[in-house]
Amino acid sequence: MTSDERRVVIVPCSGIGKPFGTVSREAAYEVCEALRPGETQLVALSKLVLGEEEACRRVGANPAITIDGCKLMCAATLVKLHAGTIVSEVAVLDVYRRHKDLKPEGIAELNEAGQQLARVVAREIAATIDQVHQAETAGGADHA
Amino acid sequence: MPDYLETTVGKFTFRVPTDRFYSADGVWLQPQGGNQVRVGVTDYLQQHSGDLAFVSTKPRGTRLVLEEEFAALETIKVNLSLPSPVAGTLVEVNEALGTAPERVNQDPYREGWLVVIEAANWDVERTRLLDPDAYFAVMRSQVEAEIRQP
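Line by line, the protein sequences are chains A and B. Residues 79 to 222 in this note's numbering are what the first sequence spells out, letter by letter. Residues 39 to 188 in this note's numbering are what the second sequence spells out, letter by letter.
Take these hints with a grain of salt, some might be off.
To be verified - List of simulated lysine-lysine pairs, DSS-like, C-alpha gap at most 30 Å:
1. B:K115 / A:K125
2. A:K149 / B:K49
3. B:K96 / A:K158
4. A:K181 / A:K149
5. A:K181 / B:K115
6. A:K96 / B:K115
Claimed, not checked - Across the chosen pairs, the derived CB separations fall in these ranges:
7. B:A134 / A:G116: 41 to 49 Å
8. A:R84 / B:T56: 54 to 62 Å
9. B:S179 / A:G116: 55 to 63 Å
10. A:G217 / B:A183: 31 to 39 Å
11. A:S124 / B:S119: 20 to 28 Å
12. B:A183 / A:V127: 28 to 36 Å
Because the hints were derived from the structure by calculation, they are not lab data. Even for Gly, the Cβ is constructed at its ideal location relative to N, Cα and C.
Taking the hints into account, I'd like the entire structure generated from these sequences.
This is how it looks when you write it as C-alpha cells:
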C-alpha cells in the first residue's frame, strides 16, 4: 500500500474559526508529513465539496480516515457522498473527552494543549493506518 | 410526549415544551410532584453553546441557594456556569452524562436532564419562573439579538 494508488486518504474537516477544526487539520498534517508520510495522502474537504475529479477519484479508490471537529461530521459525510470507504471516523471531541487536560484554544495558532491534542489524535490515526496495513497484508497472504 | 412551541430561524429550529417552567438563562424545570423538580437546559441554550465535552454537577445532597451554580458545562465553544433557578437541595444527578454528555445535545428535554432539586418551597419558587409562552418570547428575542450581531 505504498504506491500512490494505495495510500490511506486523510480528510480533515474545514471548520473555520473553531479550535477543534484546527486540531483536526493539525492532526492531519502530523500524520501525513511526520508519522506516516509514505503511506497517506491528504485530501482537502473543499475539493470534495467542489467535486474536483482527482480528489473524488482518490477517495473512491483508497481507504479513508476522516477527522471531524464537530458533530456535523462534514468530512465523514462528504467522503460517504463520494462513495469512499471510511476505515475510521475520528471525532476530535471524543479524543478530548479522554484527555480533559488538553483543552484546545486559539484558532490561527493553537495553544500548547491543543497542539498536544492534535499529536494524540495523529498517533491514534497512525495506529489505525498500521492496522489497515496489517489487514491488507493478511488479506494478500490469504489470496497468495 | 409534551407539546412544543417551536420557531425556526435559518437552518436552526428551537423547541420549547409546554409542560415545564423556565429561567431566562435557559434552564428548564419540570415538576415531579411535591417540591421536586427535574432540571436541564433548553434546546436553544444547548444549540447556542455547541457540542458538550463535559458536564459536572454539584454532588447529591448539596444545599443550593438561589442563583448558586448547580452545574457547569464545557462545550467546544464555551464554559457555562448554570445558576440554580430555585433554592433547595440537590437530590439526584444524571450520572449517565459523565460518560455520555452528548445526551444534552441530542435530547435536552428528556435523556439530557441534569439534576433533580427538592425545592425549598416550590409553590413560592415557581412564581419567579417563566411559563413556556414567556420563555419562548425571551428566547426569540435572544435569537433575534444574536442574528443582528455583525
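Do the hints match the structure? See the list:
1. B:K115 / A:K125: Cα-Cα ~27 Å, so holds.
2. A:K149 / B:K49: Satisfied, since the Cα-Cα distance of roughly 15 Å is no more than 30 Å.
3. B:K96 / A:K158: Given that 30 Å is the threshold and the Cα spacing comes to 42 Å, the pair is violated.
4. A:K181 / A:K149: holds, 17 Å
5. A:K181 / B:K115: holds, 11 Å
6. A:K96 / B:K115: holds, 8 Å
7. B:A134 / A:G116: 41 to 49 Å: holds, 44 Å
8. A:R84 / B:T56: 54 to 62 Å: For T56 of chain B against R84 of chain A, whose Cβ atoms are near 57 Å apart, the range 54 to 62 Å holds.
9. B:S179 / A:G116: 55 to 63 Å: holds, 57 Å
10. A:G217 / B:A183: 31 to 39 Å: Violated: the Cβ-Cβ distance is about 57 Å, outside 31 to 39 Å.
11. A:S124 / B:S119: 20 to 28 Å: Since S124 of chain A and S119 of chain B have Cβ atoms about 37 Å apart, the given range 20 to 28 Å is violated.
12. B:A183 / A:V127: 28 to 36 Å: holds, 31 Å
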